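Student: So the chains spell out like this:
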Amino acid sequence: MTGPAQGGPVPPSEAAAALERRYRRLLSWYPRGHRSDYAEEMLGVLMAGADPGQRRPRVRESADLLRGAVWVRMRRAVGWFAAPGWRDTLAMMSLLAPALGLTVAINSLPPAWLALGFSGPLSGFMARSWLVSVAGPLLLAAEWVIALLAVVLRKRLVALGAAAMGFATAVLMGILWGMGLAGQQVSLVAVPAQICLAVLTLVCVPGVDGLGSRGGPGGRVAIQHGRSVWLLIVGLPLLAALHATVGLLEATGGMGALRRLEMVAIAAHMLTGVPVIAVLAAAAAAAPAGWLRTPAGRRALALAGPAVDPRLLFYLAERLTGQVDFSSGPSGVGLAVVWAVYLALATLVAALAVTARWFPGGAGSAAAVPGGGGTGLTV
Amino acid sequence: MTAKPMQEPTFLILTALAAGPQHGYGIMADVAEISGSRVRLRAGTLYAALDRLRCEGWVDVDREEIVESRLRRYYRLTTAGRDRLAGEVARVRTTTAVAAQRLGLVGGPA
Chain C
3 MTGPAQGGPV
13 PPSEAAAALE
23 RRYRRLLSWY
33 PRGHRSDYAE
43 EMLGVLMAGA
53 DPGQRRPRVR
63 ESADLLRGAV
73 WVRMRRAVGW
83 FAAPGWRDTL
93 AMMSLLAPAL
103 GLTVAINSLP
113 PAWLALGFSG
123 PLSGFMARSW
133 LVSVAGPLLL
143 AAEWVIALLA
153 VVLRKRLVAL
163 GAAAMGFATA
173 VLMGILWGMG
183 LAGQQVSLVA
193 VPAQICLAVL
203 TLVCVPGVDG
213 LGSRGGPGGR
223 VAIQHGRSVW
233 LLIVGLPLLA
243 ALHATVGLLE
253 ATGGMGALRR
263 LEMVAIAAHM
273 LTGVPVIAVL
283 AAAAAAAPAG
293 WLRTPAGRRA
303 LALAGPAVDP
313 RLLFYLAERL
323 TGQVDFSSGP
333 SGVGLAVVWA
343 VYLALATLVA
353 ALAVTARWFP
363 GGAGSAAAVP
373 GGGGTGLTV
Chain P
16 MTAKPMQEPT
26 FLILTALAAG
36 PQHGYGIMAD
46 VAEISGSRVR
56 LRAGTLYAAL
66 DRLRCEGWVD
76 VDREEIVESR
86 LRRYYRLTTA
96 GRDRLAGEVA
106 RVRTTTAVAA
116 QRLGLVGGPA
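Going line by line, the protein sequences match chains C and P. Residue numbering for the first sequence follows the working numbering, starting at 3 and increasing by one per position. Residue numbering for the second sequence follows the working numbering, starting at 16 and increasing by one per position.
Worth flagging that the hints you see were computed from the coordinates, not collected in a lab. Check the hints yourself; a few may be wrong.
Across the chosen pairs, the derived CB separations fall in these ranges [stated by the list, open to error]:
{"id": "1", "chain 1": "P", "residue 1": "Glu80", "chain 2": "C", "residue 2": "Ser15", "range": "16 to 24 Å"}
{"id": "2", "chain 1": "C", "residue 1": "Pro33", "chain 2": "P", "residue 2": "Val104", "range": "30 to 38 Å"}
{"id": "3", "chain 1": "C", "residue 1": "Arg60", "chain 2": "P", "residue 2": "Glu80", "range": "24 to 32 Å"}
{"id": "4", "chain 1": "P", "residue 1": "Leu118", "chain 2": "C", "residue 2": "Ala79", "range": "22 to 30 Å"}
{"id": "5", "chain 1": "P", "residue 1": "Asp77", "chain 2": "C", "residue 2": "Ala166", "range": "46 to 54 Å"}
{"id": "6", "chain 1": "C", "residue 1": "Leu350", "chain 2": "P", "residue 2": "Pro24", "range": "25 to 33 Å"}
{"id": "7", "chain 1": "P", "residue 1": "Arg97", "chain 2": "C", "residue 2": "Asp53", "range": "32 to 40 Å"}
{"id": "8", "chain 1": "C", "residue 1": "Arg62", "chain 2": "P", "residue 2": "Arg91", "range": "54 to 62 Å"}
{"id": "9", "chain 1": "P", "residue 1": "Arg55", "chain 2": "C", "residue 2": "Glu22", "range": "30 to 38 Å"}
{"id": "10", "chain 1": "P", "residue 1": "Gly35", "chain 2": "C", "residue 2": "Glu42", "range": "48 to 56 Å"}
{"id": "11", "chain 1": "P", "residue 1": "Val104", "chain 2": "C", "residue 2": "Gly163", "range": "49 to 57 Å"}
{"id": "12", "chain 1": "P", "residue 1": "Leu118", "chain 2": "C", "residue 2": "Arg27", "range": "48 to 56 Å"}
{"id": "13", "chain 1": "C", "residue 1": "Arg26", "chain 2": "P", "residue 2": "Val82", "range": "17 to 25 Å"}
{"id": "14", "chain 1": "P", "residue 1": "Ile81", "chain 2": "C", "residue 2": "Leu155", "range": "37 to 45 Å"}
Covered by chain C, according to a simulated footprint, are these stretches of chain P (three or more residues, beta-carbon under 8 Å) [claimed, not checked]:
{"id": "15", "segment": "39-48"}
{"id": "16", "segment": "51-65"}
{"id": "17", "segment": "97-104"}
Which chain P residues stay away from chain C? Per the calculated CB distances, all over 12 Å, these [to be verified]:
{"id": "18", "residue": "Thr30"}
{"id": "19", "residue": "Ala33"}
{"id": "20", "residue": "Gly35"}
{"id": "21", "residue": "Pro36"}
{"id": "22", "residue": "Val76"}
{"id": "23", "residue": "Glu79"}
{"id": "24", "residue": "Arg108"}
{"id": "25", "residue": "Thr109"}
{"id": "26", "residue": "Thr111"}
{"id": "27", "residue": "Val113"}
{"id": "28", "residue": "Ala114"}
{"id": "29", "residue": "Ala115"}
{"id": "30", "residue": "Gln116"}
{"id": "31", "residue": "Arg117"}
{"id": "32", "residue": "Leu118"}
{"id": "33", "residue": "Leu120"}
Note that the structure is a prediction, hence the values are computed from the model and not measured. Ideal placement from N, C-alpha and C gives every residue a C-beta, glycine not left out.
Using the sequences plus the hints, can you model the full thing?
Tutor: Rendered as structure tokens:
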């Protein structure tokens, strides 16, 4: 251990003071919390490593300190997301997102059936419109069933493949819709939600920690939280299927008049919206360790939950902006809100997942939680 | 538990602390010695790593001293850190054994 000794041309104490001042200036680049934890100690180490009479930090040392400062700042900025609780949240979402995707896909069928009348010859515009607003959700439903089963069975590649197909399907629907090839079906409001849920699945399924070889963490969540998760991932699609059946019966029963669309759609919401809440409540109450009782579960629901009912969001936005007549199809405002909300949600969750992967275990300051913690779901 | 392979500075810091508590400068010197002077940790890298390792719960503060009016903090390996290091040693040992065998290095690790 060298210390300032036997000075050269410059008196050692003066050189040391100059060096210390320069080190302090470099250390000021660190965040305040880190400085109060480590600055004095780092200074001691830096001074102990200095040559006799050294007045300036070496270039490499300065670069290392600045790099450390950038790294610590970055890790503290994202540490909140990388905490074990967030990793659990992403694990929960890898299961929740496909279940919600399936629900949304099934739920977007009734208004499509109603709007298209479901009877009559399918040709030209009607055929294309049918392709986008009915075949699209059906294809999505199939893809989500595969994804959901794959997550539960921990077949991660299959789940990712199905989610990627779902993403492609939803994007294609969006493009055809945007090109005006699908008309202005209210059911297409579900497209941004589907894109969002596909992104959520794609980023959450790989398992945010370690990307191990034993499949995504969704299966683990399902096993650990038992009934409450099953109730949700089976209950929600079943409700949607009930809704779709009623919608189909109504559509084939001669509900062709577009003016009745709004009423029927709202009635359909009452049919699904209330039971959805009931299912969620039941899921919360089903087990003492139900996932909704964990912070991670609640966060997962808060993040993925808005996607369960894109039409409700759409109607709310339209109502709030004074649009009252839906018979002519969606207005610009409601659509803009729906797209903005779902794309923002997808971006946020993707950022969370990337963060949790790149900065494992980063939880802000060292003074925070030692030893991981969370709900014991971290992979 | 599927843990990512450990980065070398992390591995060396944990190894330095495996023998007993050390202060920052001691860790730097020990890491240089363990790695045959190949790896020279500097203060910025060391303290960013120590902060992270404390967050992970692998390293904790053992005690603090004031030496020549400067704070000197000793760090120690926690049980979790010891387990993690042992896991990494086992992982590396398995792969190097296979490599040694395939290269025909007699006897593998002695």
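Student: Does each hint fit the structure? Answer for all of them.
Tutor: Status of the hints after comparison with the structure:
As the Cβ distance of P/Glu80 to C/Ser15 is approximately 23 Å, the hint placing it in 16 to 24 Å holds. Range check, C/Pro33 to P/Val104: about 34 Å between beta-carbon atoms, so the 30 to 38 Å window is met. Hint check: C/Arg60 to P/Glu80, Cβ distance near 27 Å, so the stated range 24 to 32 Å holds. Between P/Leu118 and C/Ala79, the C-beta spacing of about 45 Å breaks the proposed range 22 to 30 Å.
A beta carbon spacing of about 50 Å between P/Asp77 and C/Ala166 agrees with the range 46 to 54 Å that was offered as a hint. Between C/Leu350 and P/Pro24 the CB atoms are about 32 Å apart, so this pair conforms to the stated range of 25 to 33 Å. Distance hint check for P/Arg97 and C/Asp53: the Cβ-Cβ separation is about 36 Å, which falls inside the suggested range of 32 to 40 Å. For the pair C/Arg62 and P/Arg91, the supplied restraint of 54 to 62 Å is violated, since their beta-carbon distance comes to about 29 Å.
Checked against the hint of 30 to 38 Å, the pair P/Arg55 and C/Glu22 fails, with Cβ atoms roughly 22 Å apart. With their beta carbons about 23 Å apart, P/Gly35 and C/Glu42 fall outside the hinted range of 48 to 56 Å. For the hinted restraint 49 to 57 Å between P/Val104 and C/Gly163, the CB-CB distance of approximately 37 Å leaves it violated. Here the CB-CB span from P/Leu118 to C/Arg27 is close to 51 Å, well matched to the stated 48 to 56 Å.
Separated by about 19 Å at the C-beta atoms, C/Arg26 and P/Val82 satisfy the suggested range of 17 to 25 Å. A hinted range of 37 to 45 Å is violated for the C-beta pair P/Ile81 and C/Leu155, which are about 59 Å apart. With 4 residues bearing a CB less than 8 Å from a CB of chain C, the segment 39-48 of chain P meets the requirement of three and the coverage assertion stands. Look at the segment 51-65 of chain P against chain C: 8 of its residues bring a Cβ nearer than 8 Å to a Cβ of that chain, three or more, so the hint holds.
Check on the segment 97-104 of chain P: 0 of its residues sit with their Cβ under 8 Å from a Cβ of chain C, so the three-residue criterion for coverage is violated. Here P/Thr30 stays apart from chain C, with its beta-carbon at least about 19 Å from theirs, past the 12 Å limit. Every CB of chain C lies more than 12 Å from the CB of P/Ala33, the least distance being 18 Å, so the non-interface label holds. Under the 12 Å C-beta cut-off, the non-interface status given to P/Gly35 relative to chain C holds; the minimum distance is some 18 Å.
With 12 Å as the threshold on Cβ separation, the claim that P/Pro36 sits away from chain C holds: the shortest Cβ distance comes to roughly 14 Å. Distance check for P/Val76 against chain C: the nearest CB is about 9 Å away, which does not clear 12 Å, and the non-interface claim fails. With a least CB separation of 9 Å from chain C, P/Glu79 falls inside the 12 Å interface cut-off, contrary to its annotation. At roughly 20 Å from the closest C-beta of chain C, the C-beta of P/Arg108 stays outside 12 Å, upholding its exclusion from the interface.
No beta-carbon of chain C comes within 12 Å of the beta-carbon of P/Thr109; the shortest separation is about 15 Å. In this structure P/Thr111 is separated from chain C by more than 12 Å, as the shortest Cβ-Cβ distance comes to about 20 Å. Look at P/Val113: its CB is around 17 Å from the nearest CB on chain C, clear of 12 Å, so calling it non-interface holds up. At the 12 Å boundary, the C-beta of P/Ala114 stays outside the reach of chain C, the nearest C-beta of that chain being 20 Å off.
The beta carbon of P/Ala115 is kept farther than 12 Å from every beta carbon of chain C, the shortest such distance being approximately 24 Å. Distance to chain C confirms P/Gln116 as a non-interface residue, since its nearest Cβ pair spans about 23 Å, more than 12 Å. In this structure P/Arg117 is separated from chain C by more than 12 Å, as the shortest Cβ-Cβ distance comes to about 22 Å. Here P/Leu118 stays apart from chain C, with its beta-carbon at least about 26 Å from theirs, past the 12 Å limit.
Separation of P/Leu120 from chain C is adequate, the least Cβ-Cβ distance of about 28 Å exceeding the 12 Å criterion.
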